[in-house]
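2 protein chains.
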Amino acid sequence: MPGRPHSTVTPESAAPTDQLSLRRANLSRVIGHLREHGPRSRATIAAETGLHKATVSSLVDELLARRLVREAGLEHSGTAGRPGRVLTLDGATVGALGVEINVDYLGVHGTDLANRPLIQRRIPIDAAGAGPERAVARLAEAVRRALADLARAGAPAAGVTVAVPGLIDVERGTVLLAPNLGWRDLPLAERLAAALPARIPVRVDNDANLAALAEYTYGVVAGTADLVYLTGEVGVGGGLIVGGRLLRGADGYSGEVGHLPVDPAGRRCGCGRTGCWETKVGLAELLRLASPTGPPGGQVRDPDQRAREIDRRLAAGDPAALAAVAEVGRWLGLGGAILVNLVNPRVIVLGGYFAILADRLLPAAQAELDRLAVAGPAARCRFVASNLGFTAAARGAAGVVVDRVLADPTTVGTPPVDAPRVPPARTG
Amino acid sequence: MPGRPHSTVTPESAAPTDQLSLRRANLSRVIGHLREHGPRSRATIAAETGLHKATVSSLVDELLARRLVREAGLEHSGTAGRPGRVLTLDGATVGALGVEINVDYLGVHGTDLANRPLIQRRIPIDAAGAGPERAVARLAEAVRRALADLARAGAPAAGVTVAVPGLIDVERGTVLLAPNLGWRDLPLAERLAAALPARIPVRVDNDANLAALAEYTYGVVAGTADLVYLTGEVGVGGGLIVGGRLLRGADGYSGEVGHLPVDPAGRRCGCGRTGCWETKVGLAELLRLASPTGPPGGQVRDPDQRAREIDRRLAAGDPAALAAVAEVGRWLGLGGAILVNLVNPRVIVLGGYFAILADRLLPAAQAELDRLAVAGPAARCRFVASNLGFTAAARGAAGVVVDRVLADPTTVGTPPVDAPRVPPARTG
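From first to last, the protein sequence lines are chains Z and B.
Everything in the first sequence is counted per this note's numbering, starting at 15 for the first residue and increasing by one.
Everything in the second sequence is counted per this note's numbering, starting at 15 for the first residue and increasing by one.
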């Protein structure tokens, strides 16, 4: 499914090496074709994919049995022959759960396989104050409740993905480092799975990566093949979509924009290094600049509310606040230029507090980006504010579960008893 | 062909929309399968790709007629039935030409379709001093000669790709800006095509992008799916391979590492901005640091020789030279950390003068990278020196021509007179 969102888990990343994986890949190919091109008949699928018609029929039988597709009306083609029954993506009986854990809230987003939303809630917590053990217990409780709700809605979840603001070993489901949560080397997938009903696959991923996937699928610039998403909280994270795919890099540690070294003469960062981008554009720095005589900032509470306070002061013409957004906007543009020079996105989508203050930050940011990007305005990259609010990461997380199922449809539902598990033998 | 080099031009980037494009895509699929998995029979190709056997036979007939594959022996499988004839990639009758133009040389690299080298030469020129018109005339002359040589060798070229150190609009074949050549808005593909035999497709691309493709295909870390290549001349450019594909970005302006803003308090760059990475790690800066009392540097001539001079001084224990490589190495590591934080490559391959001085630069560079990368040594990214010397960009350029042919095999040779141009009708 080239150009499709969440394509990191499509089977095309591995050449089928045996009949079983070929079967899985072909199941995925058929369902991906329906997802991408819309309802159509078996014959049309065969013609368009180049798969043998008998193979398509057998694949469709299995997808029908797993209730991932359903039949819907007849297709009247211009050619001779009787009309074919049209197949369409179903998935109403399969659920997907995404949960974001952040410093002061849990975001929960449950959908069915066609991305129809079934659950959406935000739960205040003090994840950093609670310590890893209690935070994971709270997370498990919220997940159990959401799983029960999805099951009640007739769409038991095929999996759950958790979004975490930090460095994630996606393969092992381990949080290597989440500074704002105070987590280090936490085997989150394992801990969470132990607290959930057996056999629910649990994945853990970076919040900005998942939010970027959500922006690519549902956001204001959905479908833009080259975009960067920036989280704007105390910490600043990034998710990079390149050519319609999430850029993960060799270990999944891509998009760590917050600690780009941008000013050797700058201030010390929470990470111990000097002049990280986060010390220039994080919310704590904006608050510090806007209130130079105020108390030294420690943990910033209620980032959403603090940003709105600044917005009110800006509306009132407060000079310190105006100077602060101009300065932060300028550094936002400088970091944007680094992104443009390296990965040349079409759009940089601003999340978190950046989105709240976008109107105020953007003039300075865009001017600085255009000045510093080596291609100048020819790079045609613009900043835009996200409209997904605090749901982006959880939505993206649910989307990853959907993609897992579409990449390997054999993981859900019941196969037909007599379904061939290998393509019919061919002679000739 | 996921995970294959030069995959930006594979047909999978566009879903086939009609029978002709499906035919092209399937021809490419069959030849790509042979390239990736090695010689095999029609029956094996059908089984492994899921294509109908009759379709594979028809596709193979066309590839045979176009002399892109040939038959070579029999395949004895364990199953019943008579042995199938084995097919293998041929392409000895199709040439591919890559040419790099740089400040003081032209690099020429001609191959056949199986990447067997047929021509390799380096021609000294003064591209910057000559001005665009004369430089393009020299380039055209060298290309014409190489095309004639390839034709004489029995492999007339299917196309030529020119590597240029600058910002390229690949779509139009225009050099937007090549500061070290003194070019701006030069429609190079058009100019060159006008000076060549008709119907030779001409493409223009960024030198570092093409060199990165060559590293991925032939270099010391060939096959590494996530790598960055750095050119090290007076200017510094980058090419990013991500997940086995060249990262081009929205407009093809990716990898512009030379002008990353890394030091707001730094010196003025040739581009007019301040503190660009090039002002910290370019060869001119190394020479300036190594000879603080010397004449102010203008254009650096013979970068290769100048780097070797520094190497000799280092071997002799020259303190200024030692301090210079330590300082440049440190900044090399800082820029490496930006790359690692953003795109998380496994390896950063050093070209140009960086490769010549690699042993001297790497200790400081690697230490600084490990310190500044937010994942630290967990990101496991190392610097390595390229061994492709000055041929990397031209090799990559020839590879792009090969890939164009493999992506659309109908562009070369003669199709069989009776070859069906659409798949055989299917009943059933």
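No lab work stands behind these hints: they were computed from the structure.
Remember, predicted model here, so these are calculated numbers, not experimental data.
Some hints could be false.
Said to hold, decoys possible - Quick look at which bits of chain B chain Z covers, simulated, 3 or more residues with Cβ under 8 Å: (1) 58 to 70; (2) 247 to 260; (3) 272 to 280; (4) 351 to 360.
Where is the CB? At the ideal position from N, CA and C, for every residue including glycine.
For this structure, which hints from the list above don't hold up? Structure breaks no hint.
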